[in-house]
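So the chains spell out like this:
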Amino acid sequence: MTYGGPGRRSRIVVRMGILLLACLSHLAGPPAAAAEPKVLRFAFRSVETGFDPQRVDDVYSSAVCSEIFESLLEFDYFARPVRLVPGVAESVPAPEDGGRAYTFRLKPGIYFADDPAFGGKRRELTAADAAYAIKRLRDPRNRAPYSWLFQNNLPGLDELHDEALKTGKFDYDRSIPGIEVVDRYTLRLRLKDPDYTFLYRFALPQTSPVAREVIAAYGEDTMSHPVGTGAFRLAEWTRRQKIVLVKNPDYRGRVVDTTFADLSLPAHRRVVEELQGKTLPQLDRVEIYPIDQEQPRFLAFMSGAHDLIQELPLSFVAEAVPQGRLAPALEAAGVRLQQVVDASVWYAQFNMDDPVVGGYAAERVALRRALIQAFDRGLAIEVLEKGQALPPYGPIPPGLVGYDPTLVSDQQDYDPARAIALLDLYGWVDADGDGWRDQPGGAPLKIDYMFSVGGLGRQYAALWERSLRRIGVRLEARSVQFSDQLRDRKAGKYMLSAAAWTADWPDGQNFLALLYGPNAPDLNDSRFRLPEYDRLYEQALLLPDSPERDRLYREMTRLMLVYAPWRMLAFRNWTYLSYPWVLGYMKHPMYQTRLLYLDLDPAARRRAQAD
Amino acid sequence: MGAYLARRLWQIIPTLAGVILLVFILFNWVGGDPALVLAGKVPDPAQIENIRRQLGVDQPWWIQLWIFVQQVFTFDFGRSWSTNQLVSEVLLTRIGPTLTVMVPILLLETLLAVTLALLVAYLRGSLTDRAVMFLTTVAMSISFLVYIIVFQWLLGFKLAWFPVQGWSDDLWTNLTRYAPLPVLLGVLVSVAPSLRLYRSFFLDEIGQDYVRTARAKGLTENRVMLRHVLRNAMIPILTYVGIGLPGLFVGSFLLEIFFSIPGLGREVIESVNRSDFPVIKAITVYLAMLTMLVNLLVDVLYRVADPRVSFK
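If you read the protein sequences in the order shown, they are chains A and B. Sequential numbering of the first sequence, starting at 78, is according to my numbering. Sequential numbering of the second sequence, starting at 6, is according to my numbering.
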């Protein structure tokens, strides 16, 4: 007979253990609730087209691509003027051979998001993927709107493109002198001519590496199957209605780099405090709603359905930000205000080949200057732009490399008396007594102004008409479809046309190129051709960012002001609002969104909405 | 009836040919060049030519027309020029949201307008009749856009009775949460003109001899109005409703863009903005076909409403 035994003892031990665990768990309180997912909701103010980085060019599709894909380089979140920093490349390559070659070394261990196209294996990003993306931009089948990024600069690539146009097949496997995949992680690019702004191309989502097998697997449906290495992946897409991004589980994560943060600025200090020590991305899910109507977009934010609003509609500025300050109700709700000058310029351009308004003779320049000074820009900014714009004195917007804050010129100021004097002086007078000025030879003078329907086009046309009538010049406004406006501008069938340009990269060169003679008429559709300007532009291309290059930019701007091919109208100053539970939000001049750096406090949102 | 149907269906063919020709001329000669829109910020002539070739717009016009005819009869309009999605897929995903809003609008509007019109026709000349006529005149004088802007702000934002905008993948959620405000606005706007029109139909019937005879026979007013007047007025009402039926499939683009409803109306606007001709052509041609078929259906329904109608 035994009293107890190993079996009984072990049962007692187990029971005591269970009891102990139960006590401990009771002491520890109820089981911890699963962390509440961080879901950010906001709207785009226009619709997207798709998410194949090499096939899109609109702002909002590109913005989503920037979240899903990673480019070799990127723009630092804090640095102003904007500055290039490494993306998936280990460093920003130094120019070699006087700006004729660049070598990218990719970080090893970066993986694409999982996708059936990879057959269940993890797929590492390699230099071949970066080379493939560059070639895709020049494959005619892709109709890549950013094909021009690599046009006439990488030896051998244009030849591949031209062959593909003839044969219908782009030879991706043929090696060319301009693109060399040195090893698994090294890509060397050689240029035909020196170019110190070349690297900016590699911060655009359009040059983001893509996996060839994914493109092959989805064929014509690559717009809806983006597979990148970025912090987010596309979870759901209802075209022009809803875009849902979720955190990419394969993303390696990163911490905020504060190297270029200026802690004397409250916005930088706040962002650093909100993101310090966190592994990014913090958001679990992002829901984006393209809403092109102003009222629903504004009300969605005001009702709290959306956490932030980008580019506050002009018609609601007076309600939300009267006199440039937050409305009391919004201030009480802790809403944060940011006003950021857009990296774009709005202008009206003269056709320099036009026999009446074009040309470089003194009387033609006088006419253009008179028309420029007759247009009431201050009124346009105050009334049409609701005060949400700055008057430009040069073509380079603030915050970009080459912007000169000291530049002030009276050449673009509103001065109708001076305009009248100029016209009188150079013989643009009313010769036939009909009340309208005529050309110096006596032929009637009538300015044809072309604008595209939509937006503020009609109001600007009316203001042009009214402004010129005041100096006795007749203007006829012609409203056309956007595509017709493009066609007529490229074909030179206009006298004066509305125009705008948004920066592709944050360097003044991107704007000054619009007036470089050899770029006419494709890029330079005002057809401005001035040998002195062209010479300065070519000199600037050979220089890295430096005081000497800034001097050349200033000199080009001065020539532009003197010969007056543009009436510069506005640098748009957009307002961005966000609720206090959105953390880390700081509008970047070049990125539409930078979701990687955003965080959200769902508990704060819940509390605010309960109140 | 079979012969009548065959004849009417046969007549659809020349009408459809006319529609195809008109749409083709409009888009090819009046519309802008899509290649310029798709070529990006810095287009070069070779790229524009390449895009034209890919889209087929560099072909002679008779070949483009033949391709268009083939597309109509194979129901295959290819891919959207702006998003590269299949046009059929675009249309199929858009039709549901449009119908989710437009069918309730049509049903409620018809029911309300017929009921109220019958009532005010019966009370012709009374204060109620005059008040309703005054209100409908005021309602018709205000733009639909104003209704949307005011009620979205008032009912959606200020009073928070409805969501300001939105849409879901779930039909029930849409019907109970997102569609009620657009439907309410759609009904508010469309009921006034219908009510006035139907009232005139009813008044025409009330003045007829058979109504006087029915009353002389001692029939109750309910029976006179509901059995005789309503039934006889149904033919013009059916015609009016029938004319509006194809509109169900296009929806109200204003409602769709203001309430973020991913329907066909919004799609048409976005496609026009982007010169996305395959989508616009598909919607235009199918809508024309639908209009013709609905007209035929309405003609057939006349006989159901009034057995005296015969098909010849």
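No lab work stands behind these hints: they were computed from the structure. Some hints here could point you the wrong way.
[To be verified] Below, computed lysine to any residue pairings styled on SDA-like, alpha-carbon distance capped at 20 Å:
id, chain 1, residue 1, chain 2, residue 2
1, A, 523, A, 552
2, A, 567, B, 179
3, B, 46, A, 565
4, A, 198, A, 332
5, A, 567, B, 147
[Unchecked claim] Not close to chain A: a few residues of chain B, all C-beta gaps over 12 Å, as computed:
id, residue
6, 18
7, 42
8, 45
9, 87
10, 140
11, 153
12, 172
13, 173
14, 180
15, 277
Remember, it's a predicted structure, so these values are computed and weren't measured experimentally. Where is the CB? At the ideal position from N, CA and C, for every residue including glycine.
Here's how the hints hold up against the structure:
no.	hint	verdict
1	523(A) <-> 552(A)	6 Å, holds
2	567(A) <-> 179(B)	46 Å, violated
3	46(B) <-> 565(A)	14 Å, holds
4	198(A) <-> 332(A)	27 Å, violated
5	567(A) <-> 147(B)	43 Å, violated
6	18	33 Å, holds
7	42	5 Å, violated
8	45	3 Å, violated
9	87	5 Å, violated
10	140	26 Å, holds
11	153	8 Å, violated
12	172	6 Å, violated
13	173	9 Å, violated
14	180	17 Å, holds
15	277	9 Å, violated
Hints 2, 4, 5, 7, 8, 9, 11, 12, 13, 15 from the earlier list are contradicted by this structure; the remaining hints agree with it.
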